[in-house]
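Asker: Take a look at the letters that make up each chain.
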Amino acid sequence: MGWRGWPWRRPLYWLQRLLHRHAALGPLFVLILSSVVFEVLRPGFLRLVNISLMLQQLAVLGCLAVGQTMIMLTAGIDLAVGAMMILSQMIMGELAINAGVNSVLALVIGVVFGGLMGLMNGGLIARVRLPPFIVTLGTLGIFTAIGLRLSGGATLFFGGSALAGSAISSSSNALLWTGTTLSVGSFTVTTGVLVMVGLYVLFAYVLAWTAWGRHVYAVGDDVEAARLAGVRVRSLITSVYVVAGVIYGLAAWVQIGRVGSVSPDISSTLNLDSITAVVIGGTSLFGGRGVMMGTLFGALIVQVFDTGLELVGVNALYLPLAEGVLVICAVALDHWIRAIRD
Amino acid sequence: MSGTAEVPSSGGEQGRAQPVLSARDIWKSYGRVAALRGVDIDVYRGEVLGLVGDNGAGKSTLIKCLTGAEYPDSGSIFLEGREVVFHGPLAARQAGIEVVHQTLGVAPQLDITSNLYLGRELRRKGVLGAWARMLDVPTMRRRAAEEVKGLGIATIQDIGQAVETLSGGQRQAVAVARAAAFGSKVLVMDEPTAALGVREAGQVHRLIASLRDRGMPIILISHNMPALWELADRVQILRLGRVVGVLAPDSSTMEEAVALMTGARVAPGS
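Heads up: the protein sequence lines correspond to chains P and Z, in order.
Count along the first sequence from 1, add 1484, and you get the number used in my numbering.
Count along the second sequence from 1, add 33, and you get the number used in my numbering.
Hints should not be assumed to be uniformly reliable.
[Said to hold, decoys possible] Some chain P residues judged to face chain Z by a derived CB distance under 7 Å, without partners named: (1) Asp1705; (2) Val1715; (3) Gly1808.
Think of the hints as simulated: they come from the structure by calculation, not from any bench.
Ideal Cβ positions, reconstructed from N, Cα and C, are used throughout, including at glycine.
Sequences are here, hints too, so could you generate the full structure?
Answerer: Next up, the structure:
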């Protein structure tokens, strides 16, 4: 590479090695830098009130990115994340509000349904051997359409709303539990945020400390080598999509708690935003490289830019612009780090 | 079939110890093409058995039959004197037959320890292992370090290094180390140095020799005649699905092997 001839190649090489070893370091640096910049531009940005608000806004996307990370580690991609999450919550809402099913049961059924959608994706990818991009592009359409058909495009409200068909007290409804707030001084989080943090801790452990986690990396890194080493590649890939589907189901739970209603069109940008967060978090699009904490930092970076740009008062269009620049820089950095092979 | 079936002698080998892996009268056809026509093979403890032959001579098919990747039409395979039947490569591997391929052996972004233990990770004892499925990383690291050191791959300093940061020869050394570890009984190497440069191939050759010296039986397929002549204790030559000769590099020349391989000379006694 050209930079080898430059006088500062030694520190650069050292940096490359460091980033190669610790995938979450780059995103952590960007997160700290951008937070400090926004604090300078708008003092008070890093106050606990604002941080807790950002965490609450981040909870749903943060959960989705956990599943997306594992899929991308296998060198896959999931374009249907948002659609699956919405369909999961439609099922929960329909059952709990319109069918009068017990809220705990509705939650369980919704999460299991998420897993089944994942099984469909995983089956088509691992057994029928279709490319993940195409499969999830297809199921994106399918799940979105089913969600809209199921609801007729209408929003279902829990509890005291004027539009609610049946009044359900929010204190006794398991589906709304994720909206419960907990405060320590001026730092307030919802239980939904705790669910998100729990998912990160759990899957950071699973990826780093279990055989299943290592196989996820191995399959994304070199399918043939993994197969030769005795990893059952097809079951592994299927299981990753199922686990991701279950996580999307839990994200649906967090979403319901956050807004107290179920709507088929909350946000169609969630599909791509989850990919953005994962890529900014240092996970390679080509699989095999990345860590769960990196994704958490990546999601936080997106949120910091979102809130920060709003507080600074610039045009809202600068957010997608900033995200776009970050994504391209993240992929370019990944490219450079991977060049360590030569 | 009783578990202690005797290996029929192939003649001329009496008096030697029992072969670790042997096959008798292996036939295999693909449609109307006969790839193997009654092949015998024996590999003994502490020897490198070279396997040569032109393209289409049946080397790969024979190896596939021995390692469970193909099922022979007829014939028997014996491991440590007992007849075995492999339904798939995993079965052969579990029985102790390991294969090192030309490439594709290791996952580049995983570290050396993870690669050595890929597919057979150790879990911690007790509750953490049973319920949290926690891997026993310290033990795996320690044993991987011992394994690498025992093989004399001195150039690898850090066992936690990602394999992609290693040279090609070191990478292949990791693949060999993985195959040789964990109580495997026979190593089959299919062109292990074909993708490497001269110096790196030398590294792998030294590794093969040191494994042989530790008693590991090795079947080595190679087009690199000089290297084979240097490493192998015996060289078995295949031609058109038949064994046309077994030469000892000590008493024969490469030219003889090439003559047998190409059919320019007919094997003695056939």
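Asker: A separate judgement is required for each hint: does it hold in the structure or not?
Answerer: Here's how the hints hold up against the structure:
| no. | hint | result |
| --- | --- | --- |
| 1 | Asp1705 | holds, 4 Å |
| 2 | Val1715 | holds, 5 Å |
| 3 | Gly1808 | violated, 27 Å |
The structure does not agree with numbered hint 3 stated previously, though it agrees with all others.
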